[in-house]
Amino acid sequence: MEYMVITGHWIDQNWQLQKRVLNFVHIPPPRRGLEIADAIWRCVEDWDIQSKIHTLKMVFCEIKNIVEVIRDSIEYVRRSDARLLLFSEIVKQLNLPERKLVDDCRMSWNSTYEMLSTAIKFKDVFPRFAAEDPHYGDCPCPEDWEKVEKVCSLLEVFWDATHIISGSDYPTSNLFLNAVILVKVLLDEKSLDNDGFIRDMVERMKIKFDKYWGETKLLMSIAAILDPRCKMKVLEFCFSKLYSSEKVEKEISFVLKSLHELYSEYALMYNDEDDSRGQMQGGSSQGQSTSNVGISRGWSQYADFLELVQSVQPQKSELDMYLEESCYSFKEDYKVEKEFDVLEWWRVNSVKYKVLSFMARDILAIPITTVASEATFSAGSRVIDKYCASLTSETVQVLLCGGDWLRKHFGVKKKIELFQDLCISELEFDKHGGHPCIVDAYV
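For the sequence shown, our numbering gives the first residue as 1, with consecutive numbering after it.
No lab work stands behind these hints, which were simulated from the structure alone.
Be a bit skeptical, because a hint or two may be false.
Derived pair list, reagent style BS3-like, types lysine-lysine, alpha-carbon separation capped at 25 Å [to be verified]:
#: 1; residue 1: K354; residue 2: K231
#: 2; residue 1: K100; residue 2: K123
#: 3; residue 1: K150; residue 2: K100
#: 4; residue 1: K231; residue 2: K184
#: 5; residue 1: K184; residue 2: K121
#: 6; residue 1: K250; residue 2: K184
#: 7; residue 1: K121; residue 2: K190
#: 8; residue 1: K241; residue 2: K208
#: 9; residue 1: K217; residue 2: K190
#: 10; residue 1: K92; residue 2: K121
#: 11; residue 1: K316; residue 2: K250
#: 12; residue 1: K257; residue 2: K247
#: 13; residue 1: K208; residue 2: K184
#: 14; residue 1: K123; residue 2: K64
#: 15; residue 1: K64; residue 2: K206
#: 16; residue 1: K354; residue 2: K257
#: 17; residue 1: K247; residue 2: K211
#: 18; residue 1: K247; residue 2: K184
#: 19; residue 1: K233; residue 2: K217
#: 20; residue 1: K247; residue 2: K208
#: 21; residue 1: K100; residue 2: K147
#: 22; residue 1: K247; residue 2: K233
#: 23; residue 1: K211; residue 2: K184
#: 24; residue 1: K121; residue 2: K100
#: 25; residue 1: K190; residue 2: K100
#: 26; residue 1: K257; residue 2: K217
#: 27; residue 1: K231; residue 2: K64
#: 28; residue 1: K217; residue 2: K147
#: 29; residue 1: K217; residue 2: K150
#: 30; residue 1: K206; residue 2: K247
#: 31; residue 1: K100; residue 2: K64
#: 32; residue 1: K184; residue 2: K150
#: 33; residue 1: K233; residue 2: K354
#: 34; residue 1: K316; residue 2: K231
Pairwise CB distance ranges, derived in the manner of DEER restraints [claimed, not checked]:
#: 35; residue 1: S317; residue 2: R199; range: 44 to 50 Å
#: 36; residue 1: W213; residue 2: K121; range: 32 to 38 Å
#: 37; residue 1: S317; residue 2: S393; range: 46 to 52 Å
Just so it is clear, CB atoms sit at the ideal spot from N, CA and C, and this is done for glycine as well.
All chains, please: the whole structure from these sequences, using the hints.
Set out below in structure tokens:
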């Protein structure tokens, strides 16, 4: 059965990031775009949600033939206890410190990266294994391993960036811009690589990167500005690496104009709500004493003058004041992306920036990747087992959504043994007896 998960992300009144599984919907074949869109819209209507849905996923080109060779080799070893034992014996003979052979989840690029980067550590084992096993004839050659090592060195930056922006317990939209810069600098550097194989691959990656960045740059730029460590300075720093000098000023002006337009909409909404609250709380002021009507004529004239002067002088908006203040100093701490609590900063300053904090709450709640939704599924622990498959789709949705909400309510977390965004299996070799065992990773 094919299911689609829809998660909701928001920041509550205590400035805590919240995530819930809203729907776990069965979509019958043929599962075309129209059917998926209809299913999403029904969920939006059921929850009375009026918002935009932003998803983001980094795409890159793989060396498919070599990946298949290594994947097939790992699967070949896995399929027999005797082959696992032989492989583990060779590992012991070579005295390798690495004792884990990782298989990947084919739908997850970072899982494939983990498989390749781990397999490299066993590159000397596979030729010896091939010499011992006459039926194993798909051993990666030295040229294959050389390409894999180059690809892994390239994808390591993607891996690091993904781990930063794939969190679900902290805001990620404000971290995206700096992560993109790491990727951009790497692609520019590798596009001049001496190896034609790397240059060609990077060229294809840059085409997809430019399309990907173009679709998300405005929202993510605004999110970065709402990080008090960054503000407008981060655009000056990042855009100078992304664009030519002539285009930097134009792009910054576009983002700043859009930011002010968005703020104006929030200011209008906030003032409308303020007026509504005032009308509900007021209404009976006619009965107040008029003993203070006899205020001195001098004070009355001064009050009129003050009102006139202040109405003529333009008042700075919260956004202008926020941008004019210096960036929050985080010193020389290069792990600030997770140690700095941007939501706590906005909670403390929400009295000072009433409207702007209202806007920041919405922008910073937007997830950058689909990891938070993908974590609902797991290859190691099946969501829809044989028992659940016999239930109606409505019952399955109640169980999945109810379980997620109850875990959040009581503070119970799922068991995570390796990586939140990976669905992998590891082949561990017993350090004492040398016997292999299969260990599943549950998400």
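Self-check item: Hints violated by the structure (numbers, ascending)
Solution: 5, 25, 27, 28 and 29
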